[in-house]
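Please build the complex by placing chains Z and L on the supplied structure of chain W, with the hints as guidance.
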Amino acid sequence: MPDLELLAAACEAILAVAGEPVSEAALVKALGSDVTEADVREALNLVQSRHEAAGSGLRLEKVAGGYRLTTKPELSEFVASFLGLRAQTRLSQAALETLAIVAYRQPVTLPEINFLRGVNSSAVVRTLLERKLIKVAGRKQVVGTPLLYRTTKEFLVLLGLQSLAELPSLEELGETEAAVGS
Amino acid sequence: MPDLELLAAACEAILAVAGEPVSEAALVKALGSDVTEADVREALNLVQSRHEAAGSGLRLEKVAGGYRLTTKPELSEFVASFLGLRAQTRLSQAALETLAIVAYRQPVTLPEINFLRGVNSSAVVRTLLERKLIKVAGRKQVVGTPLLYRTTKEFLVLLGLQSLAELPSLEELGETEAAVGS
Amino acid sequence: MGAVALTEPQGPAVVLPVFQGPLDLLLYLVRENRVSIWDIPVATICDQYQAWLRAMEQLDLAVAGEYLVCAAWLLAIKSRMLLPRREKGEADPRAELVERLLAYERVKRQAAELAGLLALREGVWPVQVSLGEEKSQGDVALEDVDVAALARAMREVMEHFRREHPPGLVLPPMRHTVQEKMQELLAFLTEERSFPLLSHMLTRPDRLEAVTCFLAALELVWLRAARVHQRLPFAEIYLTPTGYSPVLEASTHA
Chain W
1 MPDLELLAAA CEAILAVAGE PVSEAALVKA LGSDVTEADV REALNLVQSR
51 HEAAGSGLRL EKVAGGYRLT TKPELSEFVA SFLGLRAQTR LSQAALETLA
101 IVAYRQPVTL PEINFLRGVN SSAVVRTLLE RKLIKVAGRK QVVGTPLLYR
151 TTKEFLVLLG LQSLAELPSL EELGETEAAV GS
Chain Z
183 MPDLELLAAA CEAILAVAGE PVSEAALVKA LGSDVTEADV REALNLVQSR
233 HEAAGSGLRL EKVAGGYRLT TKPELSEFVA SFLGLRAQTR LSQAALETLA
283 IVAYRQPVTL PEINFLRGVN SSAVVRTLLE RKLIKVAGRK QVVGTPLLYR
333 TTKEFLVLLG LQSLAELPSL EELGETEAAV GS
Chain L
365 MGAVALTEPQ GPAVVLPVFQ GPLDLLLYLV RENRVSIWDI PVATICDQYQ
415 AWLRAMEQLD LAVAGEYLVC AAWLLAIKSR MLLPRREKGE ADPRAELVER
465 LLAYERVKRQ AAELAGLLAL REGVWPVQVS LGEEKSQGDV ALEDVDVAAL
515 ARAMREVMEH FRREHPPGLV LPPMRHTVQE KMQELLAFLT EERSFPLLSH
565 MLTRPDRLEA VTCFLAALEL VWLRAARVHQ RLPFAEIYLT PTGYSPVLEA
615 STHA
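Chains as they are written, first to last, in the numbering used here: chain W, 1 to 182; chain Z, 183 to 364; chain L, 365 to 618.
Next up, chain W with everything else stripped away, as it sits in the complex (with noise of 0.2 Å):
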């Protein structure tokens, strides 16, 4: 019988990299062709008691198609601080897509915005003014006088730039079909 201790490990290792329930069967088989089910769950029982001492933030889950690694319910109040604090220096998708609107179609209003992305956009553009990337720069003379925004000098300086000028076009960045296989 292999090293337990060995197999544990490599479970662990296994079901942290994994993201998703691994199964007994799929550990079977990564672990090689001479461990069967019985070692496989007596390693995991090892895993599983090597994270109830209170120093260890991971506990072993039995879920729905096997075993997966999670941080411990009772430390959540610290992943979620840090989660929240983390994603203030962040930008989702969404707002990535709404600021290159802003940079490349400025001056733009919120309809336009939304009329691109397909979807509203108007908490995305709310953020991006409160990060400063984006100001109001007056309304559009068209019905309902939407505002207008544009990108920030902030914005400049977090992509590195001395002017709007220097925006590289889409092509430039072999962003198009065209450019492709050029």
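Incorrect hints may appear among the rest.
Per the computed footprint, the stretches of chain W lying under chain Z, defined by three or more beta-carbons under 8 Å from a beta-carbon of chain Z, are [what the hints assert, rightly or not]:
1. 4 to 14
2. 48 to 56
3. 74 to 81
Derived EDC-like pairs (lysine to aspartate or glutamate); straight-line CA-CA distance at most 16 Å [unchecked claim]:
4. L:442 to L:503
5. L:442 to L:411
6. Z:244 to Z:187
7. Z:244 to Z:336
8. Z:335 to L:556
9. Z:211 to W:77
10. Z:322 to W:77
11. W:132 to L:507
12. Z:314 to L:503
13. Z:314 to L:411
14. W:140 to W:166
15. W:153 to W:166
16. W:29 to Z:259
17. W:72 to Z:187
18. Z:322 to W:172
19. Z:335 to L:456
20. L:442 to L:421
21. Z:314 to L:507
22. Z:314 to Z:336
23. L:442 to L:456
These are calculated hints, taken from the structure and not from any lab test.
Where a beta carbon is used, it is the ideal one built from N, C-alpha and C, also for glycine.
What follows is chains Z and L alone, placed relative to chain W:
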């Protein structure tokens, strides 16, 4: 001083969900107002020593100005077997050369890369951009105002470096230019 | 430099070094000849370089333009080497070649260094345990936002927009001339003694053709080649021949 075991568990939980290096400062902030940097460092020491046990599949790593959890290298065979085709993809020689030019000469432009390599490297640069190993960092104020490239944090993480200062210098390699061709 | 195995259907496999470019090939030749990079025998290297280019062409390897540019450069250096140097202080014609080869050699060493670091990192995977349900996907750290990320986002917006708004089916409008329509109508009139003009107009695929048709009919009436009848307002308009057949100019419209 807060419960050290609890702090260690919280640090581990945060690192496990972060998926990227987390700075000491970010940990301190997430753990609450009564926690100091010294506390965090002590807690991380505890996490590290716990993972040194044979039964653990993970290890704590200091990289790119922060900490992160990875699988242990000695378990790579099992993890690779589990991930199958999802294993890491290698960089081509062209990509390595281009990455080396950006890493050692940053910020650098495409014309400069082309000149050094003697071949057009725009496709390689695009690949490195897509893999987020390099990023655009403004424009050079010369004719044509070409884009400037720099390496990213992701580059440091991939190579296991704390900072660019850790890039090995050629002197350490025992290189003498006269040795070429001898 | 790597290697590629070319398996020919007949004969043994040929193993050929794969060069990253002309500088890579030149460095290889300098090493193969065991000569000092500071005193390159340009004539020899130049001949060997061209032999390699021919070999690569014969094997149908794509020889990029850079190789040819470099070949011309080598030839220029070679010819300058044949000229006697006028002054003592005149630069060696090979100076730039040496400089570029040394710089490239450095790049190769640095690349090897990075490869070494990467090899050490092989088999280490980042831990990413799930949080249960929610997973922050596609988030970018603010420090990683560059113009390339922005351009990528813009392309995604545009691709999504194109998917949601497929262009309508657009038929190129047919080109018709009154002249052509007159000939067409005359042909109908000689065949059918009474031609339903209104129905014909209403069933044309585009409005322009219908209008052209109407103008052609008016023209025929004016030339006295046809008559029009309508029994009631909005009823069918019939076109009938008068028996007179005007000489129409041959249509020049293709």
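Next item on the list: Please name the hints from earlier in the document that this structure breaks, with their numbers sorted from lowest to highest.
Entry: As far as the earlier hints go, 4, 6, 8, 10, 13, 14, 19, 20 are violated by this structure, in ascending order.
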